[in-house]
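S.K.: In the order they appear, the protein sequences are chains A and B. For the first sequence, UniProt numbering assigns the number 1 to the initial residue and increments by one for each residue that follows. For the second sequence, UniProt numbering assigns the number 1 to the initial residue and increments by one for each residue that follows.
FYI, nobody ran anything at the bench for these hints, they're computed from the structure. Please read all numbers here as calculations on a predicted model, not as lab measurements. Ideal placement from N, C-alpha and C gives every residue a C-beta, glycine not left out. Accuracy of the hints is not assured; some may be wrong.
[To be verified] Beta-carbon label-pair distances, calculated as ranges:
1) B:G148 - A:D563: 48 to 54 Å
2) A:K408 - B:S170: 51 to 57 Å
3) B:R134 - A:K323: 35 to 41 Å
4) A:K493 - B:K179: 38 to 44 Å
5) B:K179 - A:G620: 29 to 35 Å
6) A:S566 - B:R134: 34 to 40 Å
7) A:D190 - B:E203: 24 to 30 Å
8) A:K8 - B:K179: 34 to 40 Å
9) B:R134 - A:G10: 53 to 59 Å
[As the list claims (entries may be wrong)] Dumping the calculated DSS-like pairs for lysine-lysine here, alpha-carbon to alpha-carbon at most 30 Å:
10) A:K557 - B:K145
11) A:K554 - B:K199
12) A:K12 - B:K145
13) A:K8 - B:K131
14) A:K554 - B:K180
15) A:K554 - B:K171
16) A:K571 - A:K493
17) B:K171 - A:K555
18) A:K271 - B:K145
19) B:K145 - A:K617
20) A:K223 - A:K134
21) A:K555 - B:K192
22) A:K555 - B:K126
23) B:K199 - A:K8
24) A:K617 - A:K557
25) B:K9 - B:K145
26) A:K198 - A:K158
27) B:K9 - A:K268
28) A:K197 - A:K223
29) B:K5 - A:K12
30) A:K557 - A:K518
31) A:K292 - A:K271
32) B:K5 - A:K571
33) A:K617 - A:K384
34) A:K555 - B:K145
35) A:K266 - B:K9
36) B:K9 - A:K384
37) A:K241 - A:K107
38) A:K241 - A:K158
39) A:K571 - A:K384
40) A:K241 - A:K212
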Amino acid sequence: MHELLTPKSGEKHLLLGNEAIVRGALEGNVRFVAAYPGTPSSEIIDRFYQIGPDAGVYVEYSVNEKISVETAGAAAVSGVRSLCSMKHVGLNVAADAFMTLAYVGVKAGMVMVVADDPSLHSSQNEQDNRYYAKMGNVPMLEPTTPEEARKMTLEALKISETFQIPCMLRTTTRVNHCRGPVTLGDLPTDAPSGEFKKDPFNLVVIPMVGRKLRLALLEKVAKLQEEADRSPFNFTEGQGKWGIITSGVSYLYVKDAVRDLGIEDKVKILKLGFTFPHPKGLIRNFLEGLDKLLVVEELEPFLEEAVRMTAQEAGLPVEVAGKGAQLIPRAFELDAVKVKRALQSFFGVSYEPPQVFAVPQLPMRPPNLCPGCPHRATYYSVKKVFGEDAIYPSDIGCYTLGVLPPLKMADFLICMGSGVSSSGGFSKVLDQPVVSFIGDSTFFHSGITGLVNAVSHDHRFLLVIMDNGTTAMTGHQPHPGIELTPQGKITPKVSLENLVRGCGVERVFTVNPLQVQKTQDVLQNLRESMKEPGVSVLISKSPCPLYENRMLHKKTKVVFQVDASSCDLCKRCLTELGCPAFVWERSASGQECIRINESLCSGCSVCSQICKSIKPKRVGEGKGGNE
Amino acid sequence: MTQAKEAFKAMRIFFTGVGGQGTLLATRLVGEAALEEGLSVAMSEIHGMAQRGGVVESSVVVGDVFSPTIPDGEADILMAFEPLEAVRALPKCNPKTMVISSTIPLVPFTVATGQSTYPDVEELRKMTEEKVGRLLWVDAMALAKQAGSDRASNIVMVGILAGTGCLPISKQSWQGALKKILPGRILEVNRKAFELGFKAGEESGK
Ligand code: SF4
Ligand code: SF4
Chain A
1 MHELLTPKSG EKHLLLGNEA IVRGALEGNV RFVAAYPGTP SSEIIDRFYQ IGPDAGVYVE
61 YSVNEKISVE TAGAAAVSGV RSLCSMKHVG LNVAADAFMT LAYVGVKAGM VMVVADDPSL
121 HSSQNEQDNR YYAKMGNVPM LEPTTPEEAR KMTLEALKIS ETFQIPCMLR TTTRVNHCRG
181 PVTLGDLPTD APSGEFKKDP FNLVVIPMVG RKLRLALLEK VAKLQEEADR SPFNFTEGQG
241 KWGIITSGVS YLYVKDAVRD LGIEDKVKIL KLGFTFPHPK GLIRNFLEGL DKLLVVEELE
301 PFLEEAVRMT AQEAGLPVEV AGKGAQLIPR AFELDAVKVK RALQSFFGVS YEPPQVFAVP
361 QLPMRPPNLC PGCPHRATYY SVKKVFGEDA IYPSDIGCYT LGVLPPLKMA DFLICMGSGV
421 SSSGGFSKVL DQPVVSFIGD STFFHSGITG LVNAVSHDHR FLLVIMDNGT TAMTGHQPHP
481 GIELTPQGKI TPKVSLENLV RGCGVERVFT VNPLQVQKTQ DVLQNLRESM KEPGVSVLIS
541 KSPCPLYENR MLHKKTKVVF QVDASSCDLC KRCLTELGCP AFVWERSASG QECIRINESL
601 CSGCSVCSQI CKSIKPKRVG EGKGGNE
Chain B
1 MTQAKEAFKA MRIFFTGVGG QGTLLATRLV GEAALEEGLS VAMSEIHGMA QRGGVVESSV
61 VVGDVFSPTI PDGEADILMA FEPLEAVRAL PKCNPKTMVI SSTIPLVPFT VATGQSTYPD
121 VEELRKMTEE KVGRLLWVDA MALAKQAGSD RASNIVMVGI LAGTGCLPIS KQSWQGALKK
181 ILPGRILEVN RKAFELGFKA GEESGK
């Protein structure tokens, strides 16, 4: 049985924050889960997918975040508790649904987990999604530890159901991917069945309904404000004339900092967990009698603004600070040392920050497309045919790594799906050829609308859909076009090629990028035909080898080797293809040579098609691919 | 000798390695053993692009500390699964830090393509030794092979950490944690790897 389905309450398990959220949702009787994966939120939907059938929970990988909010919202409107999860930028995609679902509300509890990524560990920006809660007038809880994540998931469901509005559970990477002890609660056994009561004058947002709901929403927020003032997730600690207000993981940094500085007897801490609506009454009481107050939070001055406003409204003379020079930085994650420095400077306490060792310049170790990744082969061939001066808009996925040398095949990227739509813009104002890249999962997520737009406006570019049969970047989640499952090969539910043709594209070709010459021939043809206006599409189709190994337990039978006697050291394999299995060496005597690391080579054969000195070699049983 | 639990305050252990080395599993093992022992524990991992040959960093804090992450200069122990990465992580350390590092280089792709050169391993050792309190520079790969799998170096390394006795975690709790997180078919090899590491760790203190 899966750890998360342990029926016994009271047991302690070491869970990831994301797993704790799953457990909390199960204990809260969530029966409907929908999400599109995105780091750092992906394990939530992944764990649900693993245990869904045993837990009696319907789980779907939606094609994008907007759809996940809409489907989960429908379940909750029908009386079934639901959850959807997304990374911070996912809420931008879902924002349309989010803003109005807040008006329409829900009947059963619905929790929206939104995972911010301070320091951009795996994201394109660093946005503070707490402002979405404020803009949408939606209640928000911010957990600090995995244990709190479990409890707050339960509480979020309760708040949502009581006030009939979705509740946001806002996390950050250090909560999602922190592992800590979690005490399990009971799992419910009853499964409610859905029931929908028709009520168009509350559920169909034509303007007259929307106006009424807008007023109702504002009333809800006022009531939620009182709820926030009472919430046990907002509490004070300690005594003193100096105050600190904090939330989320920052609270832990504050605790360490205050203790390390030995100012426990001088500082009062207000730890906020229910952060929107701002618990203004509580903040006001906390501010009274304080000389100085520092707000310690990551990213934007979200709480700081609320605190300043509260102080001003109450006419309190307390000195408030937060973001600012020498204080709490606005960019990137905090840590205990950053907080100690801020306390030192704001409260004037003494602190000797650690001397940090300098390190000489070391070789970089950037992430890389895996050996045998078909994306590398696609990039190689496109570059051969279209050269350096074509414009290459890209998109979000493993293939974004093609930006790195030696491939350097990404020129513009802002968000999921932007590769397709921006290509249309480039093609209208530039004379160079435009070749755009997008992955299969991203194409389903938000590439289709861009393609429809491009077709209808006669944009002139080549769209390369890199179809590796999975959502590789976030951990190999399925999508509507998958052909490989643990059971073997299946016919995909949605055929990419038919879909593209259905959008009105006439020049559609499918190639296997591991066949280098054939791929280049097709590309050459496409290049010629691009003299005519309109969109061309190349579906470059070959499974992600990691995923294929995992699904089909395929073993590598052949690896490739450089024949040193015929290698003329042109280094094209390194400078043009750059498979990480290649090793360039110089012996003590200064002799150069190029080898292939047998344990890394996955046998894709691409290098052997571009260089005659590279030859296959059979390997014995037991080499299990590159995973 | 294993630390007495009563005298123990806290330990911040920073892990660094290369994607595919099992850094996160090793981190987990330390965390589970601490939990098994009844110590308070928090871990932090960074998932994401790291699997594709990049650097993987994680941390475990055991005892009376709240922050799950370790700021620069505040690691008590650095566990480096690769010597170049040991040096890259030196900013996490201070003059008292104990470093346990594997000696076997994994050449970054930038080196393999000739864009940069891999520093001399002996130089890396010296750079580390000069700065930190104590350095255990061990060929974890050799011990892993001896145990029966070159993929078990990560467990060898945790064995060494356990063997030094700087954490108040009993042998029994370590074994319980191993059993808990490793699937049956690879448990035996990893047990051996842990034992070989443990002995090396014990002997290092003599
Ligand atoms: S995970 Fe798959 S798609 Fe991603 S880089 Fe590796 S081989 Fe390519
Ligand atoms: S066959 Fe060549 S390109 Fe393919 S993985 Fe092996 S070394 Fe890399």
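S.K.: Taking the hints in turn, state whether each one holds.
M.R.: Evaluation of the provided hints:
no., hint, in the structure
1, B:G148 - A:D563: 48 to 54 Å, "34 Å, violated"
2, A:K408 - B:S170: 51 to 57 Å, "54 Å, holds"
3, B:R134 - A:K323: 35 to 41 Å, "40 Å, holds"
4, A:K493 - B:K179: 38 to 44 Å, "41 Å, holds"
5, B:K179 - A:G620: 29 to 35 Å, "32 Å, holds"
6, A:S566 - B:R134: 34 to 40 Å, "51 Å, violated"
7, A:D190 - B:E203: 24 to 30 Å, "58 Å, violated"
8, A:K8 - B:K179: 34 to 40 Å, "19 Å, violated"
9, B:R134 - A:G10: 53 to 59 Å, "41 Å, violated"
10, A:K557 - B:K145, "24 Å, holds"
11, A:K554 - B:K199, "38 Å, violated"
12, A:K12 - B:K145, "35 Å, violated"
13, A:K8 - B:K131, "49 Å, violated"
14, A:K554 - B:K180, "28 Å, holds"
15, A:K554 - B:K171, "39 Å, violated"
16, A:K571 - A:K493, "43 Å, violated"
17, B:K171 - A:K555, "38 Å, violated"
18, A:K271 - B:K145, "50 Å, violated"
19, B:K145 - A:K617, "25 Å, holds"
20, A:K223 - A:K134, "15 Å, holds"
21, A:K555 - B:K192, "27 Å, holds"
22, A:K555 - B:K126, "41 Å, violated"
23, B:K199 - A:K8, "38 Å, violated"
24, A:K617 - A:K557, "9 Å, holds"
25, B:K9 - B:K145, "36 Å, violated"
26, A:K198 - A:K158, "24 Å, holds"
27, B:K9 - A:K268, "24 Å, holds"
28, A:K197 - A:K223, "25 Å, holds"
29, B:K5 - A:K12, "20 Å, holds"
30, A:K557 - A:K518, "24 Å, holds"
31, A:K292 - A:K271, "16 Å, holds"
32, B:K5 - A:K571, "58 Å, violated"
33, A:K617 - A:K384, "27 Å, holds"
34, A:K555 - B:K145, "22 Å, holds"
35, A:K266 - B:K9, "23 Å, holds"
36, B:K9 - A:K384, "61 Å, violated"
37, A:K241 - A:K107, "45 Å, violated"
38, A:K241 - A:K158, "36 Å, violated"
39, A:K571 - A:K384, "16 Å, holds"
40, A:K241 - A:K212, "46 Å, violated"
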